[in-house]
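Engineer: Chains E and L, in that order, are what the protein sequence lines are.
Letter 17 of the first sequence, counting from 1, is numbered 1212 in the numbering used here, and no numbers are missing.
Letter 145 of the second sequence, counting from 1, is numbered 1340 in the numbering used here, and no numbers are missing.
For the record, the hints were derived by calculation from the structure and aren't laboratory data.
Source: prediction; values computed, not measured.
There could be a bad hint or two in this list.
Derived BS3-like pairs (lysine-lysine); straight-line CA-CA distance at most 27 Å [unchecked claim]:
1) E/K1252 <-> L/K1493
2) E/K1493 <-> L/K1493
3) L/K1493 <-> L/K1252
4) E/K1493 <-> E/K1252
5) E/K1493 <-> L/K1252
There are 2 protein chains.
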Amino acid sequence: MAVYTEISDEELDAFIGNYDVGGVISYKGIAEGVENSNYMLRTDGGNGTYFLTLYEKRVAEADLPYFISLMEFLASRGISCPLPVHSSDGLALRVLAGRPAALVTFLDGVSVRRPQPQHCTSLGEGLARMHLAGLDFPMARENALSVRNWRPLYTRSAGRADEVARGLAAELDEELQFLETHWPERLPFGVIHADLFPDNVFFLQGRLSGFIDFYFACNDALAYDLAICMNAWCFEADGAFNVTKARAMLAAYRAVRPMSSAEIAALPVLARGAALRFLLTRLHDWLFPVDGALVRPKDPLEYLYKLRFHRDIRDAAAYGIAP
Amino acid sequence: MAVYTEISDEELDAFIGNYDVGGVISYKGIAEGVENSNYMLRTDGGNGTYFLTLYEKRVAEADLPYFISLMEFLASRGISCPLPVHSSDGLALRVLAGRPAALVTFLDGVSVRRPQPQHCTSLGEGLARMHLAGLDFPMARENALSVRNWRPLYTRSAGRADEVARGLAAELDEELQFLETHWPERLPFGVIHADLFPDNVFFLQGRLSGFIDFYFACNDALAYDLAICMNAWCFEADGAFNVTKARAMLAAYRAVRPMSSAEIAALPVLARGAALRFLLTRLHDWLFPVDGALVRPKDPLEYLYKLRFHRDIRDAAAYGIAP
Chain E
1196 MAVYTEISDE ELDAFIGNYD VGGVISYKGI AEGVENSNYM LRTDGGNGTY
1246 FLTLYEKRVA EADLPYFISL MEFLASRGIS CPLPVHSSDG LALRVLAGRP
1296 AALVTFLDGV SVRRPQPQHC TSLGEGLARM HLAGLDFPMA RENALSVRNW
1346 RPLYTRSAGR ADEVARGLAA ELDEELQFLE THWPERLPFG VIHADLFPDN
1396 VFFLQGRLSG FIDFYFACND ALAYDLAICM NAWCFEADGA FNVTKARAML
1446 AAYRAVRPMS SAEIAALPVL ARGAALRFLL TRLHDWLFPV DGALVRPKDP
1496 LEYLYKLRFH RDIRDAAAYG IAP
Chain L
1196 MAVYTEISDE ELDAFIGNYD VGGVISYKGI AEGVENSNYM LRTDGGNGTY
1246 FLTLYEKRVA EADLPYFISL MEFLASRGIS CPLPVHSSDG LALRVLAGRP
1296 AALVTFLDGV SVRRPQPQHC TSLGEGLARM HLAGLDFPMA RENALSVRNW
1346 RPLYTRSAGR ADEVARGLAA ELDEELQFLE THWPERLPFG VIHADLFPDN
1396 VFFLQGRLSG FIDFYFACND ALAYDLAICM NAWCFEADGA FNVTKARAML
1446 AAYRAVRPMS SAEIAALPVL ARGAALRFLL TRLHDWLFPV DGALVRPKDP
1496 LEYLYKLRFH RDIRDAAAYG IAP
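Let the sequences and hints guide you as you build the complete structure.
Structural biologist: This is the structure in structure tokens:
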């Protein structure tokens, strides 16, 4: 949740004047999104409802064209996601209140708080479609939060990690060494969302209606996206892994994009890496909260328990699929 | 800003099922309102856009029928404000996620961040109309934050007030003694909004389009509402009192509801009281922040400077009006 930037009336009117959407009749800061300031905007022209995002400093400005172009590309390929609106002079990215800013179409839908197996089925199918649609996307962006970035992130928190749990620094160090040695290479690559938590997937009447928040998207192993989703969608609130949900997600995914045996074999390591990635960023945000961020930092330990689950299984059969 | 309560999908669907508004197609937590949890809701029936408020514990449940009925009453008298939607069984107040909750119509409009004199004119006129419309409202609610409530509030913060500014406790004590002795009685009474900050007044194309957030409304001296507005609308960001704005607001108000000479003479004392009331609540929230409130406490000292301004003037002529 974040509204970091206050926009003056004059700035907003001038900004919206660049678009063919009418005048502003309402705007509300939205209590979601950790990285950016988000507003829901109503106008008396165009579609009437828009989403306005101001990119705060955690998002690298140089990456914005990738994210904006990706949304346009995916939307043009039939993947439901917010569509950037171009201003009258053709720009999809402008400046507002000193920040890069984009106006996008408002996507109806409700994210599920407690995903059920049928949501995991829809997610698996939708994710595979998104992966296939992204294969032709001409731009590339390296994953800034992949295996080679974890140790620097770890180093910044290591000295204080044991404040969160005794022995955490040592456990993370050992896990890092394992992943740095065993991280799978040469898996099928493409555009991944890389942050597909339930918050970022909308449903309408039980059907997946769209994906949002592409600001971690990058080019990486497609199966790594599945590993992130497995962590975000298939554990219960009490920490238990729900194999029914994982099986549903993976089966639906594979029905659209068949996976190689190397990808399936790599899933447990990818899932450990995906758990470590969120554990490390949450740990950092927990220990060094951003001043002015109107968010409660998320519990890093949730991801420690997920990491341990994947470390303790024998192979991908634990996810309900044939290895 | 506040979204205190998480609502589960099932709870929301069951709640909305009580109303004739269609199904939920989108809902977003809104980053405004300190006392309650607010959501903007889109549905595929009815008006299509609604505002959902969950009343958190700072709002006394027994007062809710007053607030809800007041909005209905004012709306029926042509005052633009959110209109509570009744569920199919006639209730305007139900329970959601364990909290009292109300669905109200969504009011278009944008609050001004930096009010200009013409906004103060519109405000004065609109406030007077609201005061006149409320004269026949049959319910009554005592002001829970008026002169007799200030000392208990002061006492809770007094021991730590000097952490905020040296000498603050003594200055507040002295001011309290003055106000307790000189607080005006027998001024024209009626329903006041009691929290009419710029956030709570909407404009569309330069015209006042509505009032929101009636959760401090009560029966009190009408001129006290003006005093609150003077503090909230007529000081500049640098602390300077803008007499042009005050004159505009008061003249527009008096053109709709003439004020007695007693009311005008009382304005400086009312303005001191209005400043002290917000100073005391801000001081309390500053010293004892609510756990889980996703808000930055507001600076109490802003209201100390306003209080001193009113203490140092000779009479209401300082507000640009003939005493």
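Engineer: Given the hinted pair E/K1493 and E/K1252, is their Cα-Cα distance within 27 Å?
Structural biologist: Given pair E/K1493, E/K1252 holds - Cα atoms ~20 Å apart, limit 27 Å.
Engineer: Quickly compare the C-alpha distance for E/K1493 and L/K1493 to 27 Å and report which way the hint goes.
Structural biologist: holds (25 Å)
Engineer: Hey, L/K1493 versus L/K1252, does the alpha-carbon distance stay inside 27 Å?
Structural biologist: holds (20 Å)
Engineer: Taking 27 Å as the top limit, are the C-alpha atoms of E/K1493 and L/K1252 close enough?
Structural biologist: holds (25 Å)
Engineer: E/K1252 and L/K1493: Cα distance at most 27 Å?
Structural biologist: Holds, at roughly 25 Å.
In this structure, none of the earlier numbered hints is contradicted; all agree with it.
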